[in-house]
Every structure is written in C-alpha cells, then in structure tokens.
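Fit the two chains together into the complex; they arrive one by one in their own frames, and the hints show the way.
Protein chains in written order, with the numbering used here: chain E, 1 to 479; chain S, 480 to 929.
Read the hints as simulated data drawn from the structure, not as lab findings. Note that the coordinates shown come from a computational prediction; the quantities given were computed from them, not determined experimentally. Even for Gly, the Cβ is constructed at its ideal location relative to N, Cα and C. It is possible that part of the hints are untrue.
Computed footprint of chain E on chain S, listed as stretches where at least three residues anywhere in the stretch have a Cβ under 8 Å from a Cβ of chain E [stated by the list, open to error]: (1) 713-720; (2) 728-735; (3) 815-827; (4) 837-843; (5) 877-891.
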Amino acid sequence: MNNQIIKLFGFLVVLYALLFGFTSYWSVFDADSLEANIANKRPLLEEQQIDRGDILAADGSVIARSVPRGEGDDKVFVRRYPEGSLYGNPIGYSFVQQGQVGFELEHNDELVGEKTEFLTVLDELQGHAQVGNKVQSSLDPDAQRAAVEGLGGQRGAVVAIVPSTGEVRAMVSIPEYDPNDVPDELARLNTEDTAPLFNRATQAGYQPGSTMKVVTATAAIDSGEYTPDDTVSGRSPKEISGVPLQNAGGEQFGDIPLTEALTNSVNTVWAEVGENLGKDTMYKYMERFGFDQKPRLDYPGFQLATSGVFEGNRLLTADDSIDIGRVAIGQERLNVTPLQMAEVAAAVANDGELMEPRLWSKVIDPDGREEELDPQRQSRVMSEDTAATLNDMMQSVVAEGTGTAAALSGIDVAGKTGTAEIDIEGGVNQAWFIGFAPADDPEIAVAATVERTSGFGGTVAGPIAKAVMEAILQKEGEG
Amino acid sequence: MSARTRELFALIPVALLVTAGFTAVLITNSEELGNLSVLYGGYFLALCVATHIVIRIRLPDADPFLFPLVALLAAFGMVMLYRLDEDLARNQANLFVLGLVLFSATIIFLRDYDVLERYRYVIALVGIGLLLLPRLPGLGKTTNEAFLSVDLGPITFQPTELAKICIVVFLASYLNERREVLVVGARTIAGIVLPPLKHLGPLLVIWGAAMILLVFIRDLGSSVMFFGAFLALIYVATARISFVVIGLGMFLAGAWFFAQTVPHIQDRFDIWLDPFESSEGSGYQLAQSVFAQADGGLFGRGLGDSLVQLPGPASNCPPGVSFPDCDAILPAPHTDFIYAVIVDELGLFGGAAVVLIYALIAERGFKTAILAEDGFSKLLATGLTAIFALQAFVIIGGVTRVIPLTGVTLPFISYGGSSIVANFILLALLLMISDKSRRRVRVQLSEEAA
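Extracted from the complex, chain S is given alone in its bound form (with noise of 0.2 Å):
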C-alpha cells in the first residue's frame, strides 16, 4: 500500500469522529436530530480529500501519518467549538479553509524549500520585524497585558505564529553551516566546553532576543517556544549538552532576574504557585481551569454536557459582547483554556488522546529529520517539530500548572486564525522534507532490488 492510499485510508476514521462528536453534542443541545451532523462530517471529509490530492500529486512520497494526525487534532477543535459556540465553530472552518488554501499554495509555489537557506537573514529580518509589529503604536493590541496581537481593521492577527516558522528557518540554516567550528573550536573552561567566541556572538543575539520577547513584549509562553526550539537545534547541530545547559542556565537566570523586576511576569509565576490564594481575582483562570478538570474525571461529563456558561437570566456581559468573551465559567474556553474544557468533558482519556496525538505527530516530525539526508534538512524538520511540541506543552503545561501558564494557542485545536494559517504552513514544510528524503530512500530500496 502507498503512502497516499495509507494517508486516504487513515482519513476515514478522523471523518467518522468528527460525525461521532457533532452528533453527541447535537443530541445534548437540540435533543431532535437532524442529519446535520452528517453534513459537517461529509464537509470536513470532503475538505481533507481535497487537501490529500494535493499532497498525492506534489508530494507522493511524504509520510503518510502527519495529515491525517492533524485533521485529528483539527476534528477536536472544531468538535469542542461546536460545542461552545456555533458561530464559533463557523469561523474556525473558514480558517480551516484559508489555513488549507495556504497549505497548498506553499506545497505548489515553494518548489524547493533549499530556496530558504538562501534568503536566511532576509527570512530572519522578517521574523523579528513580526514579533515587534505588536509593539508599534496604532497596530499593536494587548492581551493581559502581553503585546501579542496585531489589528489591521477587520482582522487582527498574531505575529508571532508566523515569526517562529522564520526564526527556525533561519536557525537552521545557520547553524548548519557553523556547526562545525561551533565543535572544533570549542574550549573546555573549568570542564565546561565553550563555543569560540567569535561564534558565540550570534548565539547571543538570540538569547537576548528571547529576553526581549519576555520583557519587551511580555510574552513568557513564545519566549519560552522560542528559546527551547533554539536550544534543542544546537544540541542537535553539536551534540553538545554543554551548550544547552549554558544557554538553559543563561535563559533561567534572566526569566529570574525579570520575574523579580517586572510585576506582570512576577504576577504570572505567583498565580502559578498558588492560584487559590487569590482565587477570585488573579489566580481565577488557573483555579477554575483545575476545578473544570476535577469535574471531569477519568470519563469526562460528556460533550455538551459539562458546565461552561454561567447559568441563569442575567447576563453580566456588555452590550455587544456575548459568549464565550464573558459569562463563561471558566475564562477563555475557546483559546487558552480549550484543554481544560476537554478534559471537562471527555475526561483524563480525551486530555491524554490529546497529548498523545501532539506526540505521535512530534514522533513523525523527527523521524522526518532523521531520514533526511542533508543537514539543512534535518535541522529544519528537528526545529519545526520541536517548536510546534513545545507549543503544545507551553499551552497544556500552564492549563494544569506545570508550568506558569502564558498565553500561546494549542496548534489546531484552539480558536484563532493565525494559529491554524501558520501550523498548516509548519506542516507544509515538514511535509516537504519527508516527501523528499523518503523519495530518495524508496529510488535506493527499487535500485537495489533492481
């Protein structure tokens, strides 16, 4: 069987899930049911068909899990924002259609990714200049106080989504044409290897830029994406552990020294420590995000079933503002907080089929960088994947607490334009390098057998 028909095939259950999860929160709202639930589940089919004859005809040889793994993640997404809001999940299947239309126009126009290496510090230009875009007068629009977004009239989109794709193309690149003097002319100091300085000094452009985000743009959950993708590309490059626990060391001691300084950071990490200290003024998302797992439980309360919206006739929401922007229970259940409304509702095993379909594709992404040939290649895969997991455990990791919680989206599930547009073209690139490496191993296998 081809990698396309095995891509086909592991389609079809994705589709019937979708149907499976439309039709449950159906019969919970509507108690008559329509064949409507049909509908979307023969829509979403239809658009992933379309989408895999794209990839059957540009890239016949890519592997073949990815696709179908991530309309996996788009199916929950769409399902819990059905459940929450229909306009809600209007919307997100809109972006779902850019976000493909995107997905394909990379896979056709991008010939050949190698073109990137080409253009890195144009590429990498453009990634800073978008994570600062938030910070211009007139543009920039904040978020709990973090500069994250961008509002250009009818849309307001965020940058940083996109900056990470530049910022790992660029870092690839990079270090895979240094990578060499970067080992050779290491020196041990005290028993601690070093990079020679001379190469050093890019390195620090890049921690100071992480720092940067955290201060300047008082993002802590990109800052922390970025940082981490940076340090896994150089241990990957170097094999040096040294390096990333310098760098490691480098990055907790300025998180420390900001978190002393600047109050909207400090804030963020005592909530973190204790959220029901103030559990009806700061620390309430995290207290109720924990409460909305708690009520969950192993089984989950249902889809449709669990308690999201105040009850009740009197509406505290403004005029012109309506769920889930207020009356909801839990803050923010269509964005920052959608893992914990799915663990509400599908319990522990719905939270761990998450967690487990964001490792099964960080498991495909790798395996692409390890069959690739070349080392632009194999770090561009490495850093793309391990942006898009890191992501993933920024966002989870603040909703139960291991981590302080900052405000990233969860890749294809939660609400937002930018998130969706910028994964799919994650995804396409990734797409890309396996059809290519994959390609070359099965002309080597037919060669040999011939």
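Isolated chain E, as found in the complex (with noise of 0.2 Å):
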C-alpha cells in the first residue's frame, strides 16, 4: 500500500501546485487588468479616503475642492465644484460611482498624490497619510465667463492659448454642466439630445471652412511656391476637380493677390492654390500644424478627437483619392476641432512654432513645493518669414475684411473668418473665427465656434472671440 500512498502525495502535489499558480496569476500576472477592470472599485474606494487636492484656476481661485464626511477611520472625501458649470466640460470630474473624466481624470495621480513604491513604504513607515496635490490649471476665469457669455447659450465651443507657452486660458463647451450634479443626474446628463458631456472644444469635428486657407496660405507661401503679392484669378464658378466651384454669393474677382484673396476669403483662389500645392504638400503643413493626430493636450484619449480628412471613422491619408482643392478652403470631408483652429492660430501667432497644448501649469504638494509647467515645442510648422507674412495676411482680415467685427480699439488684431455650410437650403451655417492678439507680439490666440447658426462666422464667431481676447489682454495691462 505504501507505493500507493507516495503516488497519492503526489497527486495532493499537482493540485497543490494549481493553487499556487491560479494565487500568482492572480496576485501578480493578471493583477493589473484586474485593477483596471471596470467591476473593481477597490481603487476609486482607496482614493475615496485620500483628501484628493484641490484644482485651482489661473488666478488661483478654487475650480473644485474635497469636503470630508464622516470621522475616524469612516472618512471620506467628497468632491464640489463651487464654480458650477463654468469649467464643467475641461475639468470634468471624480465620484465613486460615477467614475472620473477630463482634466480630474487625467491628473489623477498628482491630485491623490501617486508616489512611487519606494516613497510609499517610507511615508507608511513614518505613518504618514496620503495625501494629495493641488494642481492649478492655466483656464482663467474671466476667460472662461466671457467665453459663456459670448457664446450667449449658442451651443459651441472657445478656446484661447497662449501662443508662447501652449497654456489653454479658455476652454468652453456649450451646452456645459454642472458636475455637482453629475451624482444624481448622469443618467439625464448621457441621454440629453444637446450631449452636455461631450467636450465640443476637444471632441467635436466640424466643418472648418474658410479658416483652413489659414493653413493652405502657409502652404503656399512657406513652400516657396507663392508670395503674397502672386494673383490668382478669382473667377466664378471655377472647375476644380473636374467639379464647378462656386464664391460665396456667385463673387466675381479679377486676377488678385494671396493677401486680398485671404482678406475677402475668396474660394476659387484657395481652391486653386491647393490644388496647385497637391495633397502632399498639404498633407505636409497640415500634420505639422497637429492634424492627422491626437491632440498633445493633457486630457483623456477618449475626450480628444483627431482633425483630418474622414470617410465614416477612417482617417484618410495622402494616398486616398481626396479632393485636395476643396480641403484647402474647409469643404470635403474635413472634421477639425477647435482646440486644433486654436492650435493652427497659436503656430501663426508665435513665429510659427507650435507649442504643445496645456491644461495645466502648476502642481502644489502639501508642503508647499511647486512644480511648474515646461513648455514644450511640437513643431515647427513654418519658418519666422512665413509667420510674419500671414501675421500681416490675417491682420488685413480683421482690418478691413470678413472679420471686422473682431477688431478691438487699439490693438491690432489678426484673424480669419470662416462659414462653412452645412445645410445650405435651410440656411444652417458652422460660424467660425480663428485669431490673435496682439498682432505685433501675441499674447492670446483663440478659435470660436457656433453649431448651427444662420449667421456668418465674422458676424457670429467674430464679437465671441473678440470678448475672450479682450478679456484676458485687459488683465495683461492690468498686471
């Protein structure tokens, strides 16, 4: 019997040694998709006891705080927005249940204040609690309300960079909510038909219109295949891609240079333009300016969406069949979105180099120590030549063009208009305008939008963008 009872121990052995693997696949190989998965809520309970930081403002005023409920080993944190709806879609926000989104999304580990595993065991062994960071965010409040206001309750989207740095100063979605709410109200807030949680500036693609000849007239003239003062005729209806291209209300115009063809935002010339470039000399300038690409913001992958030539959800590349003049002045297929014409506005205004968009400036830890922002380049897009060209190009826009209503009373203003159709019997337009100042040295660049509006973009677009600029240009002089 004895054999039978070692070969007995050796069976108790093997199953033994299955309860050792399926504990270290599960303690150790699996664990991380473990954590992720969306039934844990063991690391939203952890973070529940930690006093997550405080997100600040520009000015630094308080965007949302923890207040504590309950005592002793029962505390937990719980997260207000004083401010409301005002920085509802950029910030976002962070409830146990309801799960975290936006700028609390992505600085999470700043705001509970995520250690590395070393500094961990030290601050257990010293018995300290964890604790998190203020984080302070370049949005600035007077921005932000003048960007609501302007907007006036019309759904679409602002935002304002500064061109030197990448910082956002305004990033406004309307319609907007209010996260105090998001608790109770998530449901109502998902299936809402006006889409209050979608971020506009960040995840809508609209029709660009005459704001993407911004991009086609660096194309041109950063490539060396135009200058300025090349004309071009601006007949119409003029046959581009096989296909008759008509000006806005049938305009005719003679043989004109660039600058007067930007100015009175004249498509057949840009149409031609882009054509003449070809796709991939606009492919070129396009991704140099951030299209064709997630934006480099620091915000949720899922929040951002990519500016490019779409056919359904696919990115079109070079190698498609596109027709390129049409995307030289916002027609085809091209969904942009704001963050990105604000981008395309800030490469203009700081000599052609693109900084990389950012949300935040600033991290606070509990001692008192700062951490600020690097600014960080991501591209040159056209030399400071080129720049300066379309500087002037796009001041004579504001000045005596489309985009009038965007000029403000002693500062020079640059800018480009544009309206893109997007039904064109009811008359329902995507207003547009993109720009900066001020003009000789750029402080602020903007891009505004407004969904669906029977108005133009320098009429509609135009007064929202001037309010944002006048805003924080005001606050300039006055530091």
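The structure is reproduced here in structure tokens:
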C-alpha cells in the first residue's frame, strides 16, 4: 500500500501546485488587468479616503475641492465644484460611483498624491497618510466667463491658447453641465439630446470652412510656391477636381493677390492654390499644424478627437482619393476640433512654432513645493518669415475684410473667419473665427465656433473671440 | 533530541510569529503599541505548551511536526481574524481552547483507536445521521441555499465536519477487511478491471451517498471531499487505478447530470466559468475574491492595510448585524474567503506559505500511514490526511477559481467552531496512529542496537 500512498501524495502535490499557479495568476500576472476591471471598485474606494487636492484656476481661485464626510476611519472625501458649470467640460468630475473624466481623470495621480512605490513605503513607515497635491490649471475665470457670455447659450465652443507656452486660458463647450449634478443626474446628462457631457472643444469634428485657408496660405508661402503678391484668378465658378466651385454669393474677382484673396476669403483662389500645391504639400503642412493625430493636450485620450479628412470613422491619408482643392478651403470631408483651429492660430502667432497645448500650469505639493509647467515645442510649422507674412495677411482680414467684428480698439488683431455651409437650403452654417492679439506681440490665440447658426463667421463667431481676447488682454494690461 | 523536544522547539517560532502578526495589526490599527501583542503571543504559547505536555505524556513517540504545523495554521487564522474584527478573534480563541480540550480528551479517553474498527457500522450510521441532520425541519439552516448547519438555539454547528471523521473511519475499516476480495475477485471486462459484483454494492452505496449529499444537502464541496477521500482510500487499498477511474467517471457523470438539472448547482458552475459576467449579482463574491488577490500582488498590502470594509460613514447594515457579516467588500472574509484576504494582505508569498503548510501536514500524515504496520492504521491515516488535505484544496481552489466555489471551511484558519473541534479530533487520531507506529520502529531499532 505504501507505493500507492506515495503516488497519492504526488497527486495531492499536483493539486496544490494548481492552487499556487492560480494564486500567482490572480495576484501577480493578471493583477493589472483585474485592477483596471470596471467592476473593481477597490482603487476608487481607496482614493475616496485620500484628501484629493484642489484644482485651482490661473488666478488661484478654487475650481474643485474635496469636503470630508464622516469621522475617523469612516472619513471619506466628496468632490465639490464651487463654480458650477463654468469649468464643467474641461475639468470634468471625479466621483466613486460615476468615475472620472477630463482634467480630473488625466491628473488623477497628482491629485491623489500618487508616488513611487519606494516613497510610499517610506511614508507608511513614518505614519504619513497619503495626501493629494493641488494642481493649478491654466484656465482663466474671466476668459471662461467671457466665452460663456459670448456664446450666449448658442451651441459651440471656444478655445484660447497662450501662443508662446501652449497654456489653455479658456476652454468652453456649450451646452455646459454642472459637475455637482453628476452623482444624481448622470443618466439624464448622458441621454440628453444636446449632449452636455460631450466636450465640443476637443471632441467635436466640425467643418472648418474658410479658417482652413490659413493652413493653405501657410503651405503656399512657406513652400516657396507663392508669395503674398502673386495673383490668382478669382472668377466664379471655377472647375476644381472637375466640379465647378462657386465663391460665396457667386461673387466675381479678377486676378487678385493672395493677401486680398484671404482678406475677402475668395474660395476659387484658395482652391486653385491648394490643387496646385497638391496633396503631399497640403498634408505636410496639415500634419505640422497637428492634424492627423490626437492633440497633445493633457487630457484623456477618449475625450480627444483627431482633426483630418475622414471617410466615416476612417482617417484618410494623402494616398487616398481626396479633392484637395476643396480641403484647402475647409470643405470636402474635413473635420476639425476647435482645439485644433486654436492651435493653427497659435502657431502663426508664435512665429511659426507650435507649442504643445496644456491645461495644467503648476502642481503644488502639501509642503508648498511647486512644480511648474515646462512648455514643450510640438513642431516648427513654418519659418519666421512665413509667420510674419501670414500675420500681416490675417491682420488685413480683421482691419478691412470679413473679420472686422473681431477688431479691438487700439490693438491690432490678426484673424480669419469661416462659414461652413452645413445645410445650404436651410441656411444652416458652422460659424468660425480664429485669430490672435496683439498682432505685433501675440499674447493670446483664440478659436471660436458656433453650431448650426444662420449667421456668418465674422458676425457670429468674431465678437465671441473678441470678447475672450479682450478679457485676457485687459488682465495683462492691469498686471 | 527526542520527538517531543523537537515539537517543543518548533512551537517557539510559531508563538513568535503570532506575536509579530498581532504587533503588525496593532500598529496599523491603533498607532500606539502596548504589551498587548506580547500578551497574546504568550497566551498562545501557553496553550500550545499545555497541549504539548498532554502529547508528551500520552503519545511520546508521535510525529513531532504535525502539532506545530497545525499551530502555525491556527496562528495565521487568529491574526487574520483579529485583523478583521477583535470579537471574532476572541471567540475563535475560546473555540481553540474547546478544540484543544477535546483533542486532549480524545487522546486520554480513546486509549486505543482499534476500538473504532469494532463499532464501524455504528460509526457509519452516526456519520450519515449527522449528514442528514441539517435537512431535519426545525433544526436545519441554509447558507447560500445549501443545508450546511444545525441550529441548536445558542449554537449552530456544521455536522459535516464531524461526519467526515466517521465516514473515513468506516471506509478505512471496511476496505481493510474487503480489499483482498475486491482485488482477487476482480474480473476484466472489455479491458477494464471491475470489482466483483457482490462487493460492489457497498461501494455503490458510498457513491449514492455522495450524490445525495450533492442534491439533498446541496453541498458540492463536502460531496467532492467525501468522494475524493473514498477514491483515495480505494486506490490505496486495492492498488487498482481502474476503480478510481470508474468512480471518478461515475461522480463526474452524476455531477454533470445534476449541474444540468439542479439550478443551484448549475449557478455555481456558471459563476465559476465567468464570474465577471454577473459581477454585480451572483458572481460578485468570486469577482471580489480575485480582485482582492490582485490587490495583494507579490508581497501583499501588509497586515491590516487592505480594504476589507466599505469606507464611509453610511453603513448599509440592518440593525443587529455588523461587519464582517455586512459592509464587507469581499463577502465572508472570515470564513469562505479568508484565503483571499490572506493573499490581499500577505501577497502571493503569504498564500503560498498557507498552501505549503497544508502540503507539509499532508506529507506528515502520509508518512504516518507509511510507517503504520496494520492495514486499518494505514488506511485510517491515509483517509484522515486525504480528507483534510482535500478540504483545504476544495476551498482554496474555489476561492482561486481552480474549481467551482463551494462553502467548506479552511481547516484551522477560517472562523467557526465545528471545523476547529472536528479537525483537532482528526489530528488527535493521526497523532495516535503515529505514536503507535513510531514507538514500534523505535523499539525495533533499540532492540537491534542491543
């Protein structure tokens, strides 16, 4: 019988090896995916016990804070947003049951004071509880308010960027939501027709209309194919990709220089320029501006949309069949985010260099130590000379062209309007204005857009951009 | 060094481990450190030494490692329970005293375990009676739809724990007597060795009993445990692997049939295959079990540092009920799922240590069986060891999703009196067998030396 007993023990050892194997699998090999499992509330339950750091606005006012509930071991923290809907979409929310989105999600590690394993062990030995850091956002309350008031309830978005650093001073998406309502009303917010949780500034793919001509003009001049004084015929209609293209209102122009063609936003000129440059050159400059890739904003990837030419959900490349002449004037299947168009304006404003956009500007740890944003270059889009030329051309748009409504008294503004026709028969447009000020030393670049309006870019979006630039420049003047 | 002195020395590190464990929990929970943990450690050591003295007097030649290994499991259990809830640990400590008293009583009053062989049919009837007790109206109590315990006013106990000893005693005795005829009378039909029909009857009865357990008591875990021990014994007794294959086949066929027809058993299988599909509902326990293990990682969160109770001031407990019976993130952290809590706090290393201790106990148990002289002692030691080791496998396997989850206790670790008492009696029997055989070996050696 002894032989059988030994075999029996051997069998048992195999069974126990299975136990060890499965325990290793759950605790080590599959641990990461289990921790990310949506049904696993442990990470959130634990974070609920941490005093999550405040989120501050650029002026130091509080955007989000944590308030304690209960005492002792039972103490948990709940998120409050004192300014309500003012920062709704860009900042997002953080709740145990509803999860996290936006800035709250992207900067979670800093906000809960996540450290390296080694430092955590040191803290535990010293008996320190984990405390979150304050994170200062670059958003400016006055600029936010100006954007909200400017949009005045019309659906749309505004993004304002500091050209030299990439800091986002304003990001507004209308309709906005109040993150304080999320714990009770998430289901309603999710199903509402107006999609308040959809951050139009970073997620919406809109037709850019004529604002795209800034990209086309950059490609034309920086590639050396054109100068601002070169003339192109502005007759209408003109065959582009074999299909006749009209100017707005069928207006006729003769052989006009490019500056004038930008000032008056002449479609047939810029479509011809785009066609002559070709897909490869156009795509080269679009990519330098940040098209065809996720924006490099510190924001959750699922809340960032790529700008480019799309067939359904598929991003088209220069190898696909594309009517590049119409892309050059912001038509075709081109979809862009307001954030992308603000980056276009910012790149011109920053002497042709595009900075990576950022929503945070400072992390302040519980001991008061500060870590400041180190601005990152994303790409050199064009030479300084090209940028100076574009700046002049865009100034004349605001001084004497379609963008006069964005003009500020005593300050030169550079810009470009856009009116994409969404429903020609119904007269429904996507109105745009992108620009920057002061033109000689730009401090702020803006993109403003309004959804489904009967008005035009210059008259509807221009004043919104103006108000936001004014709010920021006034502050600079005071400071 | 004598076996007993080795046992005594082996108990010292166990007591130190308990002290260290309590210290760790105390530091985490209260931040101030009194001499309380040393007191607990001393109390634990005193209990162990008292039991050691009983063993030293009555069973001087018994295996020196079995008792310290069991004490180590108990130490794990006490520290984990203390970490979950102080009152639980206090109750468990009292139950340990009761267990040790019954352990000593078994050793002192049952002078010779051969007596058990004579009363095997009585013992078998008692065992079956115990198994059916929970189905009696007015007495039985259900847990997760299984009839597991008997409610006797102030105390509830799980009769399957005691029944397992009765059944093993009967099987060891019965198979010891019949093993010759089972082998000699066997016939080969179509290449399969079958036992003679007239001896097959009692074995079919055992199989039937396992099936009744499965369906009538709805206790899949005990059913697997009993039938596994039965197969282990029949294999050791007859050396016929074909009997095991036939038995296993019959069991799997039965289990499959009932998994199709009995909703309770079917649910268990579905949850096992995909706990995440219904992670908010019936799969919640198992999903939380693997989440807790994932939380532990290689080294664990540290004693007292894992998340066991829902944080926040709002308690969802009905009046009169408190943690860990409610508000627990992982349900039943002190009973069925204590292994997951161990992995959460002590990591893969802690879990592996627990499994290793069970393996070492099994090794000592089977060693005892090998050293034993007569067939009954061999089969009894084998059966007791097998059913003990299988019990640990069934519950840890359930918690780690190796097999469908069933509610049996983790011997000597999880909370509950029936399990502690029954397993201490089981240990007493093993030590008695060990003492007898090792004394014979010692006497033989000294005679040869002389």
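Here's how the hints hold up against the structure:
no.: 1; hint: 713-720; in the structure: holds (count 4)
no.: 2; hint: 728-735; in the structure: violated (count 0)
no.: 3; hint: 815-827; in the structure: holds (count 3)
no.: 4; hint: 837-843; in the structure: holds (count 4)
no.: 5; hint: 877-891; in the structure: holds (count 3)
Comparing the model with each earlier hint shows a violation of hint 2 alone; every other hint is respected.
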